[in-house]
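Now for the letters of each chain:
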Amino acid sequence: MTLIKKILLFLKRESKLFYSNIVDLFSNILFFFLSIFVFVFSLGADQELLRTIGLGIIWSLLLLSSTLSLRKFYEDDFNNGVLTIIHMGGISYELIVFLKILSHFFFVQMPFLASIPIASLFFDLPVNEVYNLIFTFIIGSLILSCLSSISASMNLLNKTNFAIGSIVVLLFSIPVIIFSVGINNPDINVNSLINLLIGIALIFLGISPWSSAAFIKLALRNK
Amino acid sequence: MFNFLINPNKFNKFADVIFKPLIVITSLTIIVGLLLVYLSPLDYQQGLTVKIMYIHVPSAWLALLTYAIMTIYSVIGLAFKTPFSFIINKAIAPIGAVFTILCLLSGSMWGKPMWGTWWVWDARLTSVAILLVIYVIIIFLNYTFESREVREKTIAIFILIGSINLPIIKFSVDWWNTLHQPASISKLSSPSIDISMLQPLLVMTVAFSLVGLIIAILRIKAEILMRKNYL
Amino acid sequence: MLLINNLSFSRNKNIIFENLNLSLSNQSITQIRGKNGSGKTTLLQVILNILESETGEIFWKGKNVKKNIFNFYNETTFIMDHNTCTKKLSVMDNINFWRGLSSSKLTNNQILLLLETFNLQKYQNTKTMYLSSGEIKKLELLRLILEQKKLWILDEPYNHLDDLSIKILNQTFIDHKKKDGVILFTSHLNPNIDNLEVVNF
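First to last, the sequence lines map onto chains X, L and H. So for the first sequence, my numbering puts the first residue at 1; every next one is plus one. So for the second sequence, my numbering puts the first residue at 224; every next one is plus one. So for the third sequence, my numbering puts the first residue at 455; every next one is plus one.
Take these hints with a grain of salt, some might be off.
Said to hold, decoys possible - With a straight-line cut-off of 30 Å between C-alpha atoms, the simulated DSSO-like cross-links for lysine-lysine are: (1) L:Lys451 <-> H:Lys467; (2) X:Lys159 <-> H:Lys489; (3) X:Lys217 <-> H:Lys576; (4) X:Lys5 <-> H:Lys604; (5) H:Lys467 <-> X:Lys217; (6) X:Lys12 <-> H:Lys576; (7) H:Lys633 <-> H:Lys604.
What the hints assert, rightly or not - Computed, partial: chain L to chain X, Cβ under 7 Å: (8) Phe368; (9) Ser370; (10) Arg371; (11) Val373; (12) Ile380; (13) Ile384.
Unchecked claim - Restraint ranges, calculated between C-beta atoms of paired labels, are given here: (14) X:Ile167 <-> H:Lys632: 54 to 62 Å; (15) X:Ile164 <-> H:Asn613: 29 to 37 Å; (16) H:Asn468 <-> L:Ile438: 50 to 58 Å; (17) X:Leu205 <-> H:His536: 26 to 34 Å; (18) X:Ile164 <-> H:Ser464: 23 to 31 Å; (19) L:Ile324 <-> H:Ser464: 40 to 48 Å; (20) X:Leu205 <-> H:Gly491: 38 to 46 Å; (21) H:Asn468 <-> X:Ile164: 27 to 35 Å; (22) X:Leu8 <-> L:Trp398: 37 to 45 Å; (23) L:Lys304 <-> H:Thr561: 30 to 38 Å; (24) X:Asp24 <-> H:His536: 22 to 30 Å; (25) L:Lys236 <-> H:Gly516: 23 to 31 Å.
Read the hints as simulated data drawn from the structure, not as lab findings. Think of the CB as a built atom: it goes at the ideal place given N, C-alpha and C, for glycine as much as any other residue.
Sequences are here, hints too, so could you generate the full structure?
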C-alpha cells in the first residue's frame, strides 16, 4: 500500500515538474512545426509529392524533435541527488526508471499527439492515414520514451560528446520507423504490423528498466 | 584448462606459444585458399563476379562472430567483473568493424553488375549497415567517458542492448522477402552450393578467421601491456 | 547499533581507507573529522551502499546492511553535502514529497511550526531556486525532523549555516540523542556538543 502511495507521489511530482517546464515542451513542438516548414520549402510545394512522402517526414521530424530534450531526462535529478533520495525512500532504481518512462510518455510525448493532426493538414494527408499515424504514434512514442531513457542514462557522465545520445536513440528507433510508416502500405496486413509494434514496445519496456538502472547505478558510483 | 580465455597472464603465455605456428598455418591457408579460389569454376550466370563471394561470405560471418564473442564477454564481464572481458571488447571492436566494412564493400561491388545498383534498401543490407553503426558507436564510446570503469561497463551494456540486431541479421532473409539470397550453407547436411565452390569458401573462411585471430591476439596483448603501464 | 567491520575502499587503485572499524552505540553522536579530500564523504557513501566496499561488512541492528538494504534505508536519513531539493518546485512541494517518501506522520500544523522555527514560513509557496544557500540548507535539514528516522547520517551539515542555526542544529542533535537516536556526521569543524565521539580520519 505504501509503495502505491509512493508511486503516486512520484507521478505527482513529475506532473508538477512538467508544468513548471512547459515552455520547454512548447519549444520542442515549435521546432517540430518549423522543421516541417523548412522541409516543405526545400522540396517545393507540390501537393502530390507532399502527400506521398508526408507520413515519413512527419515521423522522422517527430523523432528528431523528441531527441532535443533528451539530456533533461535524468540530468537534474541525478545532479542534485534526488535519485538517491527516492531510492532511499524504498523504490528500486528499476521502478524509478519505469515510472520515469511512464511519466515521460504521458507528459512529454502525449502533448505531441495534439500537434499531429495539425501537421498532417500541411501535407494534406488522407484521413485514414492520419488515424494510422496517431495510432502508431501512441505505441511508437512509448518505445521512444524507453529509448530516451536508455540513452539519457547512458550519457549521464558524458560531458563532451552530446551527439552520441541522439545517435543511440536514432539507431534503435529504426524498427519503429520501418513498421510505423509501413502501416500505410496497402499490401500489408495492418494488424500484424501493429502486433509487431506492440511486441517491440514490450521488448523495450523489458530491457530499458534493467539497462537504465544499471547505467544510473554506474553513474552514481563514479559521480 | 580454458583459463586463458579469462586470465590476461595466461592468455599472454598461451598467445606466445601459439603465435609463430599460427602465422605459418595462416599463411599456408591463405595461399591454399587463394589458389582454390583461382581454380574454382565460374558461375554459368554470374561469370567471374561469383568470386567476390569468397571474400563477402567469410567477412560477413566474421562480422557476426566478432559481435557474438563481444556479447558473450560482456555478459561474463558484467556478471563476474573480469577485467579481461573489457580488454577483449576494446580490442576486437575495430576488427569487427573492418570485417563489416569489407562485407558491405564487397557486397555492393557484387551488387553493381548483378542487381544493377550499389545499394538496395533491403532487410539484410540495412541490418548489416546498422551493425556497422553499432560497431562505430562502440569505438566512439571508448573515447567518450573520463572514468575507465564507466567506459567499460557502458560499452558492455550497450553491446548487450545492440545484440538484438544479431538475430535480425541472421533471419532477415527468412522473415522478409528480400533481394538478398537466403543462406546457402545453413543446412550442413545438404548445402545448396556445389562442392567445387564449397571447398574454397570453407578454406577462405578458415583463413579469414585466422587472420582475424592474429590481429586480435596482437591487439589484446597491446591492450594488456597498456593497462599494466597505466595501473 | 551500527557496526562497521574491517571496511576498506579504493578508487582507481588509490586506497581511500583500509581496515576501518567503527561502532556506533545507541544514544550517541559521532563526528568524523578530517581534512578536505580525506574521504569522509566516500565513507558515508560506502556505509549507505551507494559505493561498494571492497572488503568488510556493515551491520545495522545485527543484520548485514547489504542484504537488508531497504530495511536499513527505512531507518536512515541521509543529508548530502549538496542540496537535494528540487529547484523548480516550491518549498511546500518539496516538503510534501519528502514526507510522502518517508511515510512521515507529521501533521500540517506541526510542519508550519517547524518552518517557523527555521524562519522559512514566508517562503512556503516560493520556488526553492529563489532561496539563499543558507535557507536551502535549513530546508534540507528539515528532512531530519520530517522523516522521523532513527539513524541520521549527515555530510558537512554546518556548511552555509549562521550561528543561530548551528545552535538550533546542535540542540536538535541532542534532542534526537535523548530519543534513542544515533547520529553520524562529517565535518572539519569542532562543534560544541557534549559527549561527542570524534573519529579522526
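- Message: Checking each numbered hint in turn, tell me which of them this model violates, lowest number first.
- Response: Checked against the structure, the hints that fail are numbers 3, 10, 16, 23 and 25, while the rest are satisfied.
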